[in-house]
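Sequences and hints are given; from them, build the entire structure.
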Amino acid sequence: MDTDGTINTSAAERDLDGLMEQMRAEVAERRQAAEANASSEPPNEPDKLAVRRWTAHALLMLPAPEFARAVYLAFLGREPSPDEFVRLRDRLLIEHVGRMRILREFRASPGARTVEGFWLESVKDRLYWSPPAKFGRAFIRVIVNIYHSPRWTREFIARVELLERRSAEAAAAVRALQSGRATDRQNMLKQGKQLQDQLVSTKQGWDAALANRAGALENRISREIHEVSTRLTGVRTDHWRAIRDQNLRVEALLATDRPTVLDVDGTQSLHDREKSHLLDALYLSFEDRYRGTREDIKERQRVYLGRISDCVAATGHGAVIDIGCGRGEWLELLGETGISANGYDLNRIAAEECRERGLDVTLGDAIEALSKLPDESCAAITGFHIIEHLPFEILVKLLDQSLRVLRPGGLLVLETPNPSNLVVAAETFYFDPTHRNPLPSELTSYLLKSRGFSDIEILPLHPCNWPQRQDYTDPMLSYLQDKLFGPQDYAAIARKSP
Amino acid sequence: MTPRVAIVASLSSNGEQGGAERFFVGLRDALLGAGLNAEILEVYNNESNFDQIRKSYLRFYDLDLARFDGIISAKAPSFVARHSNHVCYLMHTIRVFYDMFESAFPHPTREVLEQRHLIHALDTAALSRPKRVFTIGEEVAQRLQNYNGLQASVMRHPTSLQGLHKGAFNYFFLPGRLHRWKRPHLAIEAMRLMKAPVELVISGTGEDEETYRRLAAGDERIRFVGYVADEALADLYAGALAVIFTPQNEDLGLVTLEAFGSGKPVITCDDSGEPARIVKDGRSGFICHADPAHLAAAMEHLAHAPDRARQMGQAGEDSLVDVTWSKVAGNLRDALGFRELTAR
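Protein chains in written order, with my numbering: chain A, 152 to 649; chain B, 374 to 717.
Heads up, a few of these hints could be off.
Unchecked claim - Which bits of chain B does chain A cover? Going by a derived footprint, with three or more residues having C-beta under 8 Å, they are:
1. 495-502
2. 593-605
3. 661-674
Source of the hints: derived by calculation from the structure; they are not laboratory data. Positions of the beta carbon are idealized from the N, C-alpha and C atoms, including for glycine.
See the structure below:
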């Protein structure tokens, strides 16, 4: 900024209040002055052109319109007519007629007055336009031009240089922008490449996802087909059993002597007998659903095969008896291994199904059957998921009869749900409505020992398939894991001392 | 009891509804939001001649503001108002006596020089009084430092124009008053140097409007839309390829903030004042020399690269996240010493 703008920092000027009061006084002063002015009206201006006594010199100084009017007033003593005024003004402004020439014309017109200083001005004019004077002026002009020319040249060159510099700057700016545009194009190309790469990888990702999806769908379809076919098989089996059941009942009716209405006893005994088989079909279907498939069970029971075949070989001869053989998986497994065995079951349809498979199964109460067998006539006795169905006295009776009919060194194998697993004890045990009491392995083992068996072995079986299982260092967690996901069944294996 | 705060606003003599009025409303709403009982106190201000300027200074000086707990002044000469709890958020002083002096008075008389001297002395004395002086931009703070030797904190405020949004990138947009200080002729002349068939839309009115219409005559790419209401203005921003804003020593220039708010780059000049500080050359717009050829080069570039314009506009928008009314109001409230009162 220029020096006029610098601040006077004296204390007086810093004082806003002082400045404002000073200004207030000025405003008041101006107002008074304005009021005073307003009270004195200026008089009307007289027409200066009309009242003036003209000299030739004064006329020549006037602007064109005033000159046109004043010339008439000065020489002829009257106002020009509008036409005269316009004509004279146009001669001055458009035709550029010299003023001195007009003065001479008016001076020469008839009746013209004398105007002071006319001759002097006329002579001055003639002298001004005389050839020597014109030449002198031209000469001076040339001298002056020569004097100024170096400065003009410098200014001209400077101006050209400035223009050149400006255009160079503009060109540089344009170049900068153009190079900016080139960088943009490169960036865009790079972006395009990146986009292309992204597209390719996206497509690959989709392909993989589609393949996965297709694989998953295939798996799901085959799994569902398998499930449906399993269910259909189950339904077919159920129906088959129902028909079978009806057949057996009808046969039983036909086999009895035709009861008459009066033969109350005969009707009653038939009724009682049939009543015990009323739920056979239901129970078997239930086992189908909850126990597992035939193949699963055979696979699980394979664990006993070694012991049984060793025992059969050791005892020399003698039968293997399976009590409560159910669907006969174990009998079938033994048969496949070349060990002859026979089974007992109370379920009429189960026995019927086993027989259809060519297995040796007797319909009836196993303990009654055992009690009819001679002493030391069997190599091994097995009972899968039987003892938990039995009242205590019957269980004891079963153990006693087994000990009696086993040959020395013979084996008794009893498999039962393991209540040490809390889920089994609290929940799954009760899936089977015909179960009575869970049997802790200690109780079973104690019973066997107290009834005279020896070499008692408890074999924990079928731990839960718990995918999150891990080795906890915390003893509580480790204990809980065992209690919740540990073995769901156990087998008590006992030997009759040789 | 909520503190009662007056925003001392100068009501301009020609009744022109400009940016300043919107500013006062925006400021009041923000202060209300900050928990102050703020109101706008409009006082008549006339700068048509020096006698009127003198009277206007006295009018503000004589205001009785005892009923307020604090006052905020903004525009010359409101800061001469007297109050013990006074904060100034300076928009501008009378610019013809400051940076515009040379162009307004190329051959100053002794009288005018004395008047300028008086105004400088008055402003310096008056602006030494408030508890704190903020300015709306770096430009104003610089001027205060250069001419009055006073320090101030810079605190930008956002636009009060509602409804800004984003749209296509179609035309160059030149909003604002058609006045020689805003130099719209630069863009009009730049259009002559451009080959791209892109439009230049000029909105607004002003005392030099006729001159610019004549200057643009014959170029059918240049379109004058005259005065537009707020909503239409926001739409014009939204459809622009870039906004051209080439004033001389602009104090803040809400046009820049409004353009950024609409995601548009701004083409401005290196002598445009605050806009040249807000715009980052090549990032959120272009800063050219005040020369049609330079402007034309930048415009031509953007006309061929609307994507670049979009990126630049985005960068501009991102640079404004800190400029909010609530921040402005919070700072003013703290400067007035009402922080504890309203925090309760």
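Hint by hint, which ones does the structure fall short of? 2
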